[in-house]
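Student: Now for the letters of each chain:
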Amino acid sequence: MRMFTAARPRTPVRTIRRVLSVVFWYAVLLLMAVVTVFPLLWIVLTSLKGPEDPIFSVPPQFLPTDPSLNSYGRVLDTLPVGSFFANSILVSVSVTILSTLICALAAFPLAKMRFRGRDPIFYLLLATLIVPVQLTYIPSFVLAVQVFHYYDTILALILPSVASAFNIFLLRQAFKSVPDELLDAARIDGASELRIWWSVLLPVVRPSLAAVGIFTFVVSWNDFLWPSLMLHTRENMTLPVGLAALQGLFSSDFRSIAAGVAMTVIPILIFFIAVQRQFVRGLAGAVKG
Amino acid sequence: MAIESRPLPPGRGRLWPGLRRMSPRLDPYLFLAPALLLVAIFVIYPIGTVIYYSFTDFDLITEPQWVGLENYTRLLDDPTFWKALTNSLIYLIATPTLIVLSIGLAIVVNRRLPGIGLFRALYYVPAVSGSIAIGISWRWLFDRNGFVNSILVSLGILDRPVQWLSEPDFVLPIAILLTVWAGVGYYAVIFLAGLQNVPEELYDAAEIDGANSLQKHWHVSIPALRPQITFVAIISSLAALKVFDEIYVLTNRTGGILDSGVTIVFYLWKQAFTLSNAGYASAIAMALLVITLAFSVGYVRVLERRFET
Amino acid sequence: MNLRRIYFILVVVALVAAACTGPGASASPSTAASAGASTSTNPEAVIDGVEEGAEITFWTFFLSPTFDEYIEDTIARFEETYPGVTVNWEDHQATFLDDYRGAIRTNSQPDVANLSNNEGWVREFAEAGKLLNLSENLPQDVIDQYFPNLFMDSVVDGASYQVPWYQAVPVEIVNTQIFEDAGLSVADFPTEFVGIPQLCQTIKDETGKLCDIRLTVSDYLAQMTYEGGVDVMSEDGSAFTFDSPEAVEWLQTYVDMVAAETVDRAALTTADDRVALELFTSGEAPFYQTGPQLIREVKDSNPDLYEQLAIAPFPIGRSGVIQPTSQGIAVRADTEFPNASMALAVFFTNAISQLEFSKIVAVYPSTPESYEDPFFSEEPELVEDSARPLAFDLISQAENILPTIPNKADVNEIVRRAVEEAIFNGADPQQALSDGVAQANELL
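In order, the protein sequences belong to chains E, L and W.
Letter 281 of the first sequence, counting from 1, is numbered 280 in numbering that gives the first Met the number 0, and no numbers are missing.
Letter 51 of the second sequence, counting from 1, is numbered 50 in numbering that gives the first Met the number 0, and no numbers are missing.
Letter 253 of the third sequence, counting from 1, is numbered 252 in numbering that gives the first Met the number 0, and no numbers are missing.
Just so you know, the hints here were simulated from the structure itself, not pulled from any lab data.
None of these values were measured; they are calculated from a predicted model.
Any given hint could be a false lead.
What the hints assert, rightly or not - Which residues of chain E face chain L? A partial, calculated answer using Cβ under 7 Å:
(1) T35
(2) I42
(3) L104
(4) A105
(5) P131
(6) L134
(7) F253
(8) I267
(9) I272
Stated by the list, open to error - To spell it out: a stretch of chain E is covered by chain L in this simulated footprint if at least three of its residues, at any positions, have a beta carbon under 8 Å from a beta carbon of chain L; those stretches are:
(10) 24 to 33
(11) 49 to 58
A virtual CB, placed ideally from N, CA and C, is assigned to each residue, including glycine.
Take the sequences, apply the hints, and build the full model.
Tutor: This is the structure we're talking about:
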């Protein structure tokens, strides 16, 4: 029950308090930003340090007095950083598109059709969610080497990641919320189920599709363990595996390692800042669904 | 609303309109086929195979040799395995820490200040950079020649630099810290979305009742975030049990002195893919499955109870 | 006291500029192979039945990019000697062991590979049945061209699975500045391992600097055997015995040094070599055990320190034997081209090839014939070459006294845990080692 609807009187004390409050919150935000960004900032600064700049000093020296891009050159000469990016993009985009489509295909009958075995299949898929994926790596490794012979190729990273019970589950939730009438109307008009799926159902759940796509992309982009098992030749490595190889190669040369990390993180950050609004919205939307 | 309730002209409602009725419903199975095939190959088959491998001695190339329960008895006597188990359970501390800090961050950034969008993006940077890049950065932060030592020696807290990641007591805490630091921004987004759905009136009502900021959040925000808290709790705890990347990078593939950083998944990887004991590693994988199962069943019980109220 | 792995020597070797000594491609004139000569008249062609059109992969350890020219020239000479064979060469560095194990797991093991003997790599893979038995498959006159103790360096069940390649002479590189500050001279360096703890104590007391010692974490049993004089297995191979009094004494030495704070325990047990190396090149460590080639690297990164360096002979362990610091070349057991692979292995390790290699970097051949070249009787000018006249004697006396150890990698993990328990957790060395023996025996 609001009793006061009029604006409160503006006294000087209130204004000062408001200003202080704003300053306070900005300070807090800034402090947290520093904490968040600092390790990466330090890496970037180190990567720019020349041979004269000490890495370890008391007190710590942040800015390079002898800046140089030598470290970047050294890394680029030794490692195919461009290939790392290309491979990561290829894998992540492929997995995202394939997974979204195939899981959306699978989610449709689970959400909207009645048929024999629907419930057992659904619970089976749910049960696989419990199994940690790392458990499957040993047999998948053997499959990759001895059966499918796609060891050290991009295919080895794409195929196993496409079928995701998690995605199927999310999309089934999304499909369930679509009114049946919409689908039946299309059926009356003589559309095939596939057509209905593509032209009627998918457009309606586009936000969920986007969320699933974004989520799948991020997971695929950052995946490390399985790619590290599969990829051996440097030119075939994805970004995380390439970075780990960088660490092994330049083991004591911190400037070069810093350059390598900076080279891989900065483009990602630029890309992220460009699309961050959609990204954040998509991620938040995924939780509600 | 059942689909069959409306009579359809013959041939309609099929995958291909021209196709005559071959069997009652073929298309559900056709839709499911690609996904189910992949799941069968990459999930079902591996689960069965791992169970089999766990009873064998297998080096990933030559034929597995049946050894019965030997791997499991070896597991029980293996101090590293128990250490791994302990470490994985300790790692669970990350979850409540993450929840508290993420909610805090979400509350802080849930206000209309100019430039707040930039800050929100900034807090998300660790999550986007990838665990390996971040792991390498942290490894060097704590190196003997790293920033942490610079600061501590400058402040006089230390006489000489310490190789932090070579000290068994520090490996796991640093790894957990890394996970929390990298995850706060990620989970804060989820809480932020939840907070933005909380109606203003609830806060106003609390204010009228005389609540200050802190009490407002405790009595309004937190209860409103319950579904998100549950979600984050489940996701992050299951992730904590399966930690690998951070350990791999921070301990340079060794797991740390005295296996101080070894987690279950790391031990699985080490046994299978560095020591070529894939049979033994499969037994470890089974242990992991049991633990994950226990947690999942526990969560389902808790959730069921929640929804009943 | 720790035996520097060849890894380090290779790091050094890889970093050293080849400028100082003559061009690397000069073959010994008397046996130069003429281009296109048929196999039968080329004295370097010693293996018969080399497969036509063979294509073999060859991995080296940490030799690129410094020795690209040498390797490529030698491969070219090889391909002339055995026409029709193509060699695909790859160099692997810090991740060599992981890469090699991974290659085995994925059925892409290289036909010929440069494996370290003293790191225990040859033994590990020979014991797993992945390497070709060279005692059986090489002609006797080829085997005879090597020092016998080096050919039999990594023996499994009485047979050799590698041909020895270049050797390093382990020495102690001493920072004379720190020694002077501690009131010591290079001559005071202990000749035996038992004198090391006292040396470190003196240095710590006088200068506050810690000894920069690192255990061979990939092969603890080898270090125990040479340094501690320990018998790690029973005669008949039925049980492990690395909890014997000698072993306990060896471990206790290190535990005491850590307790007295004369060594840095993190540097002692780290798997990462560079920690110890960096300490030395930054001038923080009094001595460093490796091959003399390291000195050149110090000259590059810390010229002031270079002026302070001297070489002391490597202290002998309780076993009284020096472990060979040896690189070998091994052949894949199930290779498609056994003769071509053996030919390559033998070619790179023959007297001519090894002599050329020695002229461009301070490593030493495993073939006695190479030492007859006047190069080895020249007076050394630079401090890093001062080991050269001694090389022949040291190398011919080095001996491998390790038993064949089944499941070596797993046993090493057990020993590692026992050592770390004693050093970091204050466990009683006897207890830790006995627990380790019990666990290891279960693997037998």
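Student: Each hint: holds or not?
Tutor: Hints versus structure:
Taken as an interface hint, E/T35 checks out: its beta carbon lies about 5 Å from the nearest beta carbon of chain L, inside 7 Å. Taking 7 Å as the C-beta cut-off, the interface hint given for E/I42 holds, the closest approach to chain L being about 5 Å. For E/L104, the shortest C-beta to C-beta distance to chain L is roughly 5 Å, which falls under 7 Å, so the interface hint holds. Checking E/A105 against chain L by beta carbon gives a least distance of about 4 Å; that is within 7 Å, so the hint holds.
Because the smallest distance between the Cβ of E/P131 and any Cβ of chain L comes to about 5 Å, under 7 Å, the interface hint for this residue holds. With its C-beta approaching chain L no nearer than about 4 Å, E/L134 sits inside the 7 Å limit, and its interface hint holds. Annotation: interface hint on E/F253 holds; nearest CB of chain L at approximately 6 Å, less than 7 Å. With 7 Å as the threshold, the beta carbon of E/I267 comes within range of chain L, its nearest partner Cβ sitting at about 6 Å, so the hint holds.
Taking 7 Å as the C-beta cut-off, the interface hint given for E/I272 holds, the closest approach to chain L being about 6 Å. Only when three residues or more bring their CB closer than 8 Å to a CB of chain L does the claim for the region 24 to 33 of chain E stand; here the count is 6, and the claim holds. Coverage of the region 49 to 58 of chain E by chain L holds [criterion: at least 3 residues with CB-CB distance below 8 Å; count 5].
Going down the numbered hints, you'll see the structure goes against none, and every one checks out.
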